[in-house]
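Enquirer: With the hints as a guide, dock the two chains, each given alone in a separate frame, to form the complex.
If you're matching them up, the sequences are chains A and B in order.
If you're matching positions, the first sequence starts at -17 in the working numbering and goes up one per residue.
If you're matching positions, the second sequence starts at 9 in the working numbering and goes up one per residue.
Because the hints were derived from the structure by calculation, they are not lab data.
Every residue, glycine too, gets a C-beta built ideally from N, C-alpha and C.
A few of these clues could be false.
[Unchecked claim] Sample of chain A residues facing chain B (criterion: CB under 7 angstroms; computed from the structure): (1) GLU58; (2) GLY94; (3) SER199.
[What the hints assert, rightly or not] Derived lysine to aspartate or glutamate pairs resembling EDC-like cross-links, with alpha carbons at most 16 angstroms apart: (4) B:LYS177 - A:ASP217; (5) B:LYS177 - A:ASP214; (6) A:LYS115 - A:ASP105; (7) B:LYS177 - A:ASP219; (8) A:LYS115 - A:GLU158; (9) B:LYS484 - B:GLU496; (10) A:LYS15 - A:ASP217; (11) A:LYS15 - A:ASP231; (12) A:LYS15 - A:ASP214; (13) B:LYS484 - B:ASP463; (14) A:LYS115 - B:ASP350; (15) B:LYS177 - B:GLU129.
[Unchecked claim] Facing chain A, according to a computed beta carbon distance under 8 angstroms, are these residues of chain B, among others: (16) THR111; (17) THR139; (18) CYS150; (19) ASP191; (20) GLU196; (21) SER197.
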Amino acid sequence: MTQAVARIHPRSDAARARAVYPFSAIVGQEDMKLALLLTAVDPAIGGVLVFGDRGTGKSTAVRALAALLPEIEAVEGCPVNSPRPEQVPEWVTLSSSTIVRRPTPVVDLPLGASEDRVVGALDIERAIARGEKAFEPGLLARANRGYLYIDEVNLLEDHLVDLLLDVAQSGENVVERDGLSIRHPARFVLVGSGNPEEGDLRPQLLDRFGLSVEVTSPRDIETRIEVIQRRDAFDMDPDAFLANWRPQDLGLREDILAARPRLSQIQAPNTALHDCAALCIALGSDGVRGELTLLRAGRALAALEAAPAVTRAHLRRVAPMALAHRLRRDPLDEAGSTARVARALSETLP
Amino acid sequence: MGSDATTTLLAVLAVDPVALGGLWLRSRSGSHRTRLTEALHRLSLPLPLVRLPAHAGDEALFGGLDIASTLGSGLPVSRPGLLDRPAILLLPMAERCDRALATRLAQALDRHHHAVIALDEAADESEGLPTALADRLALFLCPDGQDEVLILPDPELVAAARRRLPLVKVPHAAVRDLVAACDVLGIESLRAPMLALTTARILAALAGRDVVEPPDLAQAAEFALAHRAAPMPPTPEAEPPPAQPPPETGNDDAQRDGPEGTAADILVAAARAALPDEVLRQLDAGRLTRSGRGSTGTGAARAGNRHGRPLTPRRARPSAQARLDLVATLRSAAPWQGLRRDAWPHRAGQALLVAPSDLHVRRCKDHSDRVLIFAVDASGSAAVARLAEAKGAVEMLLAQAYSRRDHVALLTFRGTGADLLLPPSRSLVQARQRLRGLPGGGGTPLARGLELALDTATRARGRGMTPTIAVLTDGKCNIALDGRPDRELADAQSLQMARAIRNAGTSALVIDVGQRPNPRLAEIAVGMGARYIALPRVTAGRLAGVLESALER
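Extracted from the complex, chain B is given alone in its bound form (with noise of 0.2 angstroms):
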């Protein structure tokens, strides 16, 4: 994108940002961002721009009681919090933001009195800002030039676009467009093609026009919509048919084919040239880790009592698991010092007056143990050598693991039937044990081994601990459920258990050790929702480094 378009882009936003929803920018640190940083401040927006503090709680956003001024007055004196007053938020870290912030955020942004500009600083491919986050606003910018001179839009044409507004009218076939635009993106949500057409319409504005035109709506794809995209497979003769959108959504306008067939054309087109396929890649990556499955590695945040990040404290008796927080005691005594003067004269004497109800204890963010299930196949297509490697590999990721006081599991399946080997533990002596003894040969019961690494997921899950299942085989499964040799029902029964351990939210990873990378285990792997990595000449260092490095993220 180039430094006008960025002048253009930063124009949109300061003529109507709550409408908008606002400004996902993603760069890295350097000059460049912090001009654009800079630039933001200078901005003429309608609203003031207000910094957010990294990892916003409840009481910075929605307020909360000024214990300094409650004391002092004697009058409870309750705080604004920061979505009290509309304003435009600017988010910092948005990469690291958590779901509770992000959707905090959106519903703050349904409320139409804000904005937020989510500065994304994209330190690693997977991380991206929450969905819930970025389907709601409408611009994204991805600076890529270092050295360009960054031109503030004129504050006057941002007045004047803020006042033509509400005159611009867009036309029906505009509405089509971007409807069919987004269909051939690969663009489900709705509020894309409504931000999209927002976006537009600020153009026409500025652009002085009171009809939005194909120009706007080419632009407004570039701004809303490129980064929504779905990336485009690697072959090209994959996707043939991007003109016409399915036939069976009524084709009663005899004009389809004609000229607006290929207006839509034009918006793929320009919403496909805005961001290098690179970057859709990275936020593609972004999106899958972030949907849900939260494959983060270092196990679901839940609300515990020992390390982390510090909650909101609750109203709780202090015991060996729940700290007391004293200045949420405090608080929640201070205003009440009068009244309970006159109510207990028998307490006079004292300083302060707590009741038991003041307490208050400490919670934190606490991480969940992990646990890595080792599935790995040794079964006899996977031949012996490199299941001696992928003992290996699992033998020194079991020291790691160890360290870093992370679960390990391990199960294999052959022949009929799978056997977990080690159930969850922490014992690195007995793992080491297990493997050795581990047997070869045999069919390949894939799905009997994954539906064992699902069951062995669920209920370490029931125990508060975050599984990772990790696959090592070479795909060529052959033994269905039941244990009849049938390649086809064993293959579609694979799949499906790949699905069911998708569907369960667990995070999964796929190594392929065959000969040849076997695309049917990468479509299994795509099932799973897992990362699959083909190692063909593999070795138990190399094993282990990969493995290291997909759990890590």
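Pulled out of the complex, with its shape left as it was, chain A reads as follows (with noise of 0.2 angstroms):
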């Protein structure tokens, strides 16, 4: 399930269904692409949530996230991904203390999986052949400092929405059950895709997402020829198209890396405070979890181009995906709420 992939495309024989479609060669959608690569310069920006037509390339940009990332340093064969060997976790014995590199996770959580897999279980094989009481650590373990993803995140079964709310907000895994009392970080940026036509998403599950995309299909014949030309050059020939595209997502590797140290020296004016407060009081977004987030997401594409300050250019960009899905639906606007967005960003900052 694991996205191995990773390390920008080096593949050398692997069967064609393994190679991932490159980030930079998906058309369009800036958006998505942008909201992305916001949280991987800042995770704490909070999840993702992509929603729109079918075959938009939705799970296509997650898992080309995937291979993009750069890679961390965690301690080897570290089941929780821990970045020094005095924070692995107690339960896990471990043969050796070294520090390897190894590709951000990016962990799929599919729709059918159990309750067990994902927050880990008891060890069924040792139990058993060993008699030992051993944790198998679950989806959540292997996510930690990564991503966590979850396709038609609108269809997930309901006991397993609210654990993984609990989760991300606490950033810790707590298991108790099997006679096992097990705790572990489980720190992720959950990004999670669906269409809307299959069914809405609980307003607690959508907050939680720091950003939120829409994504279409293209209207423009052009663009649409586009997508379907470079597919069609990916699916005959993989190797080819993904050496062709790696030094741009070697380029994104690295301005993801550059823009990481430079965000906490990025300046937030008053002014750029006051025009968050500003828009959110227009739209009448409930609490501040709106304000925090379309700072950070500011900050984040500030870092991102390199500028010594939050401007006002930098919210205009970020506030709609930050925003758009922290109103209260109003039956009687059928426009949507991006386009809600985009009125009050015209009225209030000019």
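Expert: Structure below.
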């Protein structure tokens, strides 16, 4: 399940199906790509929700991101990707304390996954064969310090949704079952994708995502032709296609790496804070989570663009993705919340 | 589609089913269908053909612990799921396939190790394949000839095409034509031209060519695009410019109006000719009902514990609402017996050592209660006689709803406002009383009525019911939301409200009780995503019959 592909596609002889379409070769869908990049710069922004039409490359983008992300340093063999030996949970027995580089984990949470598989459970094999009580880590452990991707998030079973919300909020997975009492860090960026036609998302879950983007099929013929041609070129000869796009993907990775240390030095002037507040008041969004996310996303964008401070232009760019999903639904407003944010933007932040 | 075309289509499928996603086979049960299904088994497919059990659960798809072998060997033995091995999955009763299964299959298809052959028995025109699945299957076959001889493709030819396939080139113009054709046919998904391109490439390989040529594209349009097309509007003059793609889409290529424009036309014509309009309309109806708003009449399924087919059991304490699932509990306890015997010497006398964490409860698919919300126009324009018939019809339906244990709500709109006469209830007596006193006369505040209907529906949904709105009106709205008489504003607001109902995902039905069908009301019904039924000379019995059959679906 893990997308262990990573390392900017130097793919030798793996099957064609295992090749991952390069991130920078995705045509259009700028909002979706930007939202994913921003979380790569600052994971604290929270998750990304990608909602939209069928066949618009939602899953493709997330899987491509896995290959794009810079590597992390982790203790060899640690199931929760601990960065240093002293941070390895006590229930893990490791033979080595070597630090190795490994791809940023991007873990798929399939719809049919059982609770045991998500949170982890007693290791049946060891219990039966050796009579030992050992913990078998689940998907949440594997996703620590990386991404947890849920395709068709709106169809996920309710009890799993509750569980994920709880862990995403606390950053820790606590397992109390089968006579086990285990806890381990589980900090991950939740990426959900879905098709609104298949069903809506509960508001509690909606609010938990930092950013949300709507994707639609491109209407313009030339763009559509470009999409088909690139996809076709990729399907026919993945290796050549990947080699072709490698420089662009590497460039994006460099950008992410360069932006991360800049993050703490980006100024957020009072005018920017004022802008955030004014916009959220104009939209009547509940709570301050919207303002915080807006500022964080603006800062990540500034870092990505190597700007010294957060400007109004940055905020304007990220406002729709940071706020659109936090608005109360208005049945009479058929334009949708994205249009409402756009309207509020032109009124409050001209 | 003739038998030659069917043979070619089967050949295309056999060459590279995984790249194509698979086949949607729509056919009523019958001898021809049986022959086709048998033919699939004899087709020289590159992967094994595996029949999925109807309503395959996660256990069947993803595998699990094999309890018998585990107990026998003392080692955990897991059983592989159907999705663990590359295969071509034969999905019976595809029209009844639920969203959960469709999504799981769609995700499996995205990993490119499987293909799906969906057998859609098309019992009802509003049924169809779930869109998540339909979008990913390249080919569509809807055999019409009952007695035609089915010729299987030559395995040698298929094998040769498979070898040639990686060499087949696609000219730039081919992609352009396919995309343009999709545009004209009203096909939005980008998977459609992609899959059509794959189909064309296989057709070229079958024909022994190294380059995709126009005949390949035309046939690919028949196989892979025809069934996705939006049905032609009933009046042909309503669609004058099919040849010209929208002008704003960069006409930098001077050749656009040249041979290429006509090439796309040929593809469109091929796709249009492949399927009768009637089939298209049925498919479209299926899509509409399928697309999220689930007006399937039985209420949205949710996990309950009383009725319906079983879901996977969950670890939980049994209670009055949740019954113990003995098998799942034993299954959970079985692997631990050896370990527990050592750990719990005080329980050595027990044959089976069960821990509280082993307990599983049974879960079943439940159907939530339906509530029918009648929004009845009691204005002066809906004449008294018709109103009386409407009352009669509602009363008859109430009786039926009562016997089916549906809830019923009744609201009327007249003058400047709307009143909820009967909140969702099962009380037939109460409903009759309220209905009898129904006053008539005054303006038609349709928007207000729809607003109240939506409000009632939303609240019912919040209580776990599945609402359906039935609007009975002549659609001559003339009172705006604020109570002022303003025909235009009232009209616009009604349409807005109708869209809000659609956006809320509430299924609806509009009965035009006016003397003449009102085209404006039909528009509002479209906005609402509702069925529009004009019943000019209405009688209570007929109205009840129509409502009944419309709500049944």
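Enquirer: Any hints from earlier that this structure breaks? Give me their numbers in increasing order, please.
Expert: As far as the earlier hints go, 1, 10, 12, 13, 15 and 18 are violated by this structure, in ascending order.
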